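Visitor: Note that the protein sequences, when read in sequence, are chains A and B.
The first sequence begins at 5 in the numbering used here and counts up by one.
The second sequence begins at 4 in the numbering used here and counts up by one.
Rather than coming from a laboratory, the hints here were simulated on the basis of the structure.
Quantities reported herein were computed from a predicted structural model and do not represent experimental measurements.
Treat the hints with care, since some could be wrong.
[What the hints assert, rightly or not] Once the Cα atoms are required to be at most 30 Å apart in a straight line, the calculated DSBU-like pairs of lysine-lysine come out as:
(1) B:K43 / A:K424
(2) B:K13 / A:K100
(3) B:K43 / A:K276
(4) A:K401 / B:K43
(5) A:K247 / B:K86
(6) A:K91 / B:K31
(7) B:K86 / A:K100
(8) A:K424 / B:K31
(9) B:K27 / A:K100
(10) A:K424 / B:K27
(11) A:K281 / B:K43
[To be verified] Over the 12 Å line for every Cβ pair with chain A, so calculated as not near, a few chain B residues:
(12) D68
(13) C70
(14) H72
(15) L88
[Said to hold, decoys possible] Per the computed footprint, the stretches of chain A lying under chain B, defined by three or more beta-carbons under 8 Å from a beta-carbon of chain B, are:
(16) 278 to 292
(17) 317 to 327
(18) 343 to 356
All C-beta atoms, glycine included, are put in the ideal place defined by N, C-alpha and C.
In case you want the letters, here they are:
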Amino acid sequence: MTKSNDLTRLSLADAKKGLQSKDFTVKELTQAHLDAMKEKKDLNAFVLETPELALEQAAASQKKYDAGTQGPLEGLPIANKDLYCTKGIRTTACSKILASFIPPYESTVSQNLLDAGVVTLGKLNMDEFAMGSANMNSYFGPVINPWTDKEGTKSYVPGGSSGGSAAAVSAHMALAATASDTGGSIRQPASFCGLVGIKPTYGLCSRYGMIAFASSLDQAGPLTRTVEDAAMMLEAMAGHDPKDATSLNIPKPQYTQNLGGSIKGKRVGLPKEYYLKEMHPDILKKWDEAKAWLLDAGAELVDVSLPHTSYALPAYYIIAPAEASSNLARYDGVRYGFRRDADSLDALYEQTRSEGFGDEVKRRILIGTYVLSAGYYDAYYRKAGRLRRLIAQDFEKVFHECDVLLSATTPTPAFAFGEKPKDPISMYMNDVLTVPANIAGLPGISVPVGLSETGLPLGLQLVGPALSEALLFDVSLVLEKASNFLSMAQEKGNKR
Amino acid sequence: MMITLDDVQKIAWLSRIRLSDEEKHAMKDNLSAILGWVEKLDQVDTTGIEPLSSMHIPEMVCRTDVCHHTPMAEVITQNAPEKELNMFTVPKVVE
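Based on the provided sequences and hints, a complete structural model is requested.
Guide: Rendered as structure tokens:
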């Protein structure tokens, strides 16, 4: 019988094989994760735990295995970012304004995973309303990165906004987690926590039941420890949904059938604008090593240019807050959530929203309101929309010269608490390499490829044309294998 | 771009967010910095470029015009902080 802490070390794929071969039961696998959650409470990854539900689901899944009718992710313990409405289970977007909200319906993405047979362990911490890059903006307190440096004296941020999802998977409390990405909130925490994180093409996953931040940018995606696991999760999560008018009406993708195709002859573009002077030297080193690995696998390298790259972040910080100001107007204390009563309707709104929202959320609502207001709408919002088209056109042109782009995911590895950027703009710079893919609606994946001098994970990013997720998985597999990150993490992993 | 306290007050009112004086000052500085940074966009000549607002959506998706009657008033109001007879209640708005 496999020991309990060995069960949490399995990949999603290997756990499934183990259940199929009856090496262990769904209950044993689930209990191992529930135990891990108790052990690592200090990371603050979970904001709600659902152990009774998990064990009920485990029993039902075991029956399926016994009958041979198991689904693609049957009995596999995962957890959901607290952004996804889970029917009858508190969902808060980690905001005080939704602290008591119990959705009467399930999001399509989490329902798809339930249909595939998953066991759900609970809801995961995040930056409030998905606004943040360090999971320091949560009503439920910050999340701590399971990774630390060689000295082991400091606590590091896991990245954001999907910090809880990243910490849970990285600390082996869940085999995989759902997350979301509007400006980098899957890929950046993946990079900071040594995980694989993919933001698919806009429209691949349904946004029904996903608490909205910026509707033209938000996308659901998984955080996992291996590339194969990411393919398994995304395959289950994705699919057309008539309840989401922005959901792509295409056949359900099949990634797991065709994983690991040769990348011989594939052209990997190296965008010159993604070399930043602020970049950490260890990341630059990894970028260079990765080029060699890809050449070994038969790929070709091409120098390319995305001339409007430097405008992506400013455009994002107009478009995203504008859309957020509209989406967050619904939180008014009337139909759900926190309410601070007052004598007049306007005072009710003002008091509820002032008390219910955190500072970063208020900041973004105010920016958004400003750029949409009379006299500024053309100068800011429509101007940003024009830059958005130019940025999307840059990618369109570049994908005639190459098949996929390789860059770093973040300019630096995870930073320590207390070393956090003091002003919002420096914090926003964390997203400079990830935001362009959201602006253009293109798929991007972050793959862990090594450790910094101080022992923190480093990730590289691949961005491809729309609906090129299968190619992204194939190239990622090359990086995963060549970097040997998984063994490195096991041996040298400086985990708390 | 210099944002004034007046601007902050106006935006706060539009957003129905009440800010203390201290918060107004902090927001004024934050917003001025962020807006200064995004003014970089003016460096680019975008004459003749239409804004891009939605991704990959060629046409508006419609559903068939069929009525689905599901009694849901209780479910819809179940999260309301205050309600009466399955209706949301608010402070009086009409004099």
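Visitor: Can you name, in rising order, the numbers of the hints this structure does not satisfy?
Guide: 6 and 16
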